[in-house]
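Heads up: the protein sequence lines correspond to chains U and Y, in order.
The opening residue of the first sequence carries number 1496 in the numbering used here; numbering runs sequentially from there.
The opening residue of the second sequence carries number 1496 in the numbering used here; numbering runs sequentially from there.
Think of the hints as simulated: they come from the structure by calculation, not from any bench.
Computed from a predicted model, the values in this text were never measured in an experiment.
Any given hint might turn out to be false.
Each pair may be met inside one copy or between any two copies, as identical chains are not told apart.
Simulated pairs of lysine to any residue, SDA-like, Cα-Cα distance not exceeding 20 Å [claimed, not checked]:
#	residue 1	residue 2
1	K1576	Y1505
2	K1982	N1993
3	K1553	L1513
4	K1907	G1753
5	K1982	V1873
This is what each chain is made of:
Number of protein chains: 2
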Amino acid sequence: MRSGKMESVYNRIQDHRLQDRVVSAEEAASWIQDGMTLGLSGFTRAGDVKAVPFALAKRAEQEPLKVNVYTGASLGSDVDKLFAEVGMLNKRLPFQADPTMRKKINQGEFYFIDQHLSHTSEWVRANVLDPIDFAILEAVSIREDGVIIPTTSVGNSMVFAQHAKSIIVEINLAQPELLEGIHDLYEPGKQGERSPIPLTKPDDRIGSMGIKVDIEKIKGIVFTNQLDSPSTIVAPDEETVIMAQHLITFLRQEIKAGRLTNRLAPLQSGIGSVANAVFHGLLDSEFTDLEVYSEVLQDAVFDLLDAGKVRFASCCSITLSSSKMEQVFSNFGQYRDRLILRPQEISNHPEVIRRMGLISINTALELDIYGNVNSTHVMGTQMMNGIGGSGDFARNARLGIFVTKSIAKDGKISSIVPFVSHVDHTEHDVDVIVTEQGYADLRGLAPRERAELIIERCAHPMYREQLREYYQEALQRGGQTPHVLEKAHSWHVNYAKNGTMLQKVVQHV
Amino acid sequence: MRSGKMESVYNRIQDHRLQDRVVSAEEAASWIQDGMTLGLSGFTRAGDVKAVPFALAKRAEQEPLKVNVYTGASLGSDVDKLFAEVGMLNKRLPFQADPTMRKKINQGEFYFIDQHLSHTSEWVRANVLDPIDFAILEAVSIREDGVIIPTTSVGNSMVFAQHAKSIIVEINLAQPELLEGIHDLYEPGKQGERSPIPLTKPDDRIGSMGIKVDIEKIKGIVFTNQLDSPSTIVAPDEETVIMAQHLITFLRQEIKAGRLTNRLAPLQSGIGSVANAVFHGLLDSEFTDLEVYSEVLQDAVFDLLDAGKVRFASCCSITLSSSKMEQVFSNFGQYRDRLILRPQEISNHPEVIRRMGLISINTALELDIYGNVNSTHVMGTQMMNGIGGSGDFARNARLGIFVTKSIAKDGKISSIVPFVSHVDHTEHDVDVIVTEQGYADLRGLAPRERAELIIERCAHPMYREQLREYYQEALQRGGQTPHVLEKAHSWHVNYAKNGTMLQKVVQHV
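When you get a sec, could you build the whole thing from the sequences and use the hints?
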């Protein structure tokens, strides 16, 4: 392998001390022992390592091998799927989004820690977690001074590299060299010893272009040549278009009230089709000169950059559809001075989010009449993906906005229920709710005020009467947050038994 | 009134332009109109205004008068009690702790917004809430340059003063003049326009000694002479002493693991007897040279200062028992260079809490087998006090610790339940749980691991088998967070029906 790639080796490994460390993925994987802990690059299908995990999974098919895997967020390239299928995981954190992995998590086959994405680095730095034996990181190149240049995501790569005993680098020739220079790697230092993070605007540069490590720790370098997995994003549909319109109506009200200008405030949007559609809705708006300070840039942000609507975007990962990826990376020169990629603890840092006063838009799985949001657990028990950065953002943002369609499964599920079956965002942290029915601005409202607004403005008409009945019965019992506890989860129980949350159907059964 | 107090007037109102604005409480109260919004000083019974609220309540007894009342936190001097009794409130935020007010809130007589204590100032600054007509603030004095010197709490006084249309100052002659100089008033500015908060250690001074306002806004000055209400703290009992020991055992483990030194990290403790007892437990520990960065300083912190265990304490309010108040304020000179009082948005700021890596200790009302915490709602519906600062701290601290006795009401209530009846702190934010039974370190654990640890280490033995049965039944159904949703709140329902959470009693009924 080494000889045929000499030109690439010299181009992409500028530190000559490292040039003889190029190995095959199989050799690198052979260093990993049963019981070890791995820190992998990768955040929402971008910038993940694409060779060593496969070689490792192959070993795990033939010998007893279980590892802990820490990542930035979800991995692409079917790595999470494969790890789950092979059964080689002991513990996985802090996020995933793969259907096979999801199934295995819910079957209890391995431990999954669903964590705020800004928090993992603190645990690594403070030695709370099992120490990392190998950091395995995708890179564009390793520079002369031994600095590793990440690819399409930064994730937790820096903290993994700094705290791992050893490092394996995958240099991916399919990742454009023009990525070099768009990263901004800032290390805040230990809690109790750190200075303020000197970041006040999305386009501030406060760190270095790559990850500086002790080069003795770089045990091997593997070459790959494979694009990131494209995002699985679904195009806007009629309902997500309407939701975007409601959100824009709300933002216009904020401008009218003098709380925003038509430059808005730095925008964050969660991963997924709804959030992407909402961003897409900004294309035809009067808002201008926008800034994005987010975790993940999806297709819509590049459309907004193309349209001159967004002037600058800071993120921790770029996750695009197949066609968008081709367009963006073949013309990357026209984007790179308007982009910064940061570590996820900086993109998601409460300090920075609160300071800038972001407008934060994330997707809810379900929410209740008092504004508590479930982002993670289907019917209270089955993990979907994880909380991701939604908690980092919603709690600290100027506006914590949650979007969801008001019903799911053709109306068999109401996304608005009496009492959410799992709480990821409490009533204290949810400012605005948007469904295709309308929006509810919950700021400054007590629970009883919120309930009426959410039911009348956001719930689907087919469930409104049922919600009103619950609320009226709860009101009879009183309290700051009235509930009929024995019925609080009855909608979920009804769904489990009868396949619908609609009570009338129950009466027929 | 004016003539008899001339000496005090000159001493305490150094800005001569203001000396003719001294009025009676009745006159000041007469300016307040039905429908207005008031911003009052006061945080956990300290530094509240003591005359104008009474004069206002008297008016409300005789004429239609309803107002919105924003404060720092709970008011002392029976003001919250009186406001609730008279029925003069439309909306109250962000915290209270009065039994009468609690009752009226739960009866739905007025709207109560239970808010993170660091968040109110953002809403005021951004004009999200109804604008403040009058800020009514207790002061030690008004200095030559028109700067208002707060008393035993800072709370939200600065942001109220800056944003109110008019200001009424109550100069309290009973508050020691030595308080001047211990405040540090820092205004972060608007979101999106602010710089990093330059605070890296509890003893950093970053602001001014008082609240600078446009003196034209000071409409009247009222003199009072009345001590703060003493705290209602209960002395440590056998169980809280044991809880303190468990916490100390945990902290020793952290030192052993190299994650802390015996100087620990800046400490925060919530209000209340349990938290105070836990702090008290540090008196006999080997920990030394401690720092406190908290909301409220209670008796125990002054004992720790006396013992030389605590070297410096930063807070937003000082709330003491009667005897401690006398001791501290008659010898205030020996404390004042070891204390700083800050606005609550700074004492509770996520930026500062995360940077310093606080050890945060707060009280849970109940918690569940997966580590979700209810801090506010008895049986899910009845407001106790409010979330206070617990969410500001737990989410951002190095260690988010929650303490609670494992049972309440002689065992009729288990503080550890299958599913909390209200969520204030999610599984993502709770690191360590301490009861008199032991402690559970939840960091790095998946829900299934947490459940076993919480049940076996923290639950009361009389409820352990019942919790195990629930958990085992839930496990049969699977999921990342196994539950039997139709039974998730059955313990609370059982208590409502049968006066106990114990199932065996149900079987007899």
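We went through each hint and held it up to the structure:
In the homo-oligomer, the alpha carbons of K1576 and Y1505 never lie at most 20 Å apart, since the shortest distance is 34 Å inside one protomer and 77 Å across protomers. Taking the closest pair of Cα atoms, K1982 and N1993 come within 20 Å of each other both inside a single copy (16 Å) and across two copies (18 Å). Taking the shortest Cα distances, K1553 and L1513 never come within 20 Å of each other, neither inside one copy (27 Å) nor across copies (82 Å). In the homo-oligomer, the alpha carbons of K1907 and G1753 never lie at most 20 Å apart, since the shortest distance is 41 Å inside one protomer and 53 Å across protomers.
Taking the shortest alpha-carbon separations for K1982 and V1873, both the intra-copy value of 18 Å and the inter-copy value of 17 Å come in at or below 20 Å.
Checked against the numbered hints given earlier, the structure breaks hints 1, 3 and 4 and satisfies all the rest.
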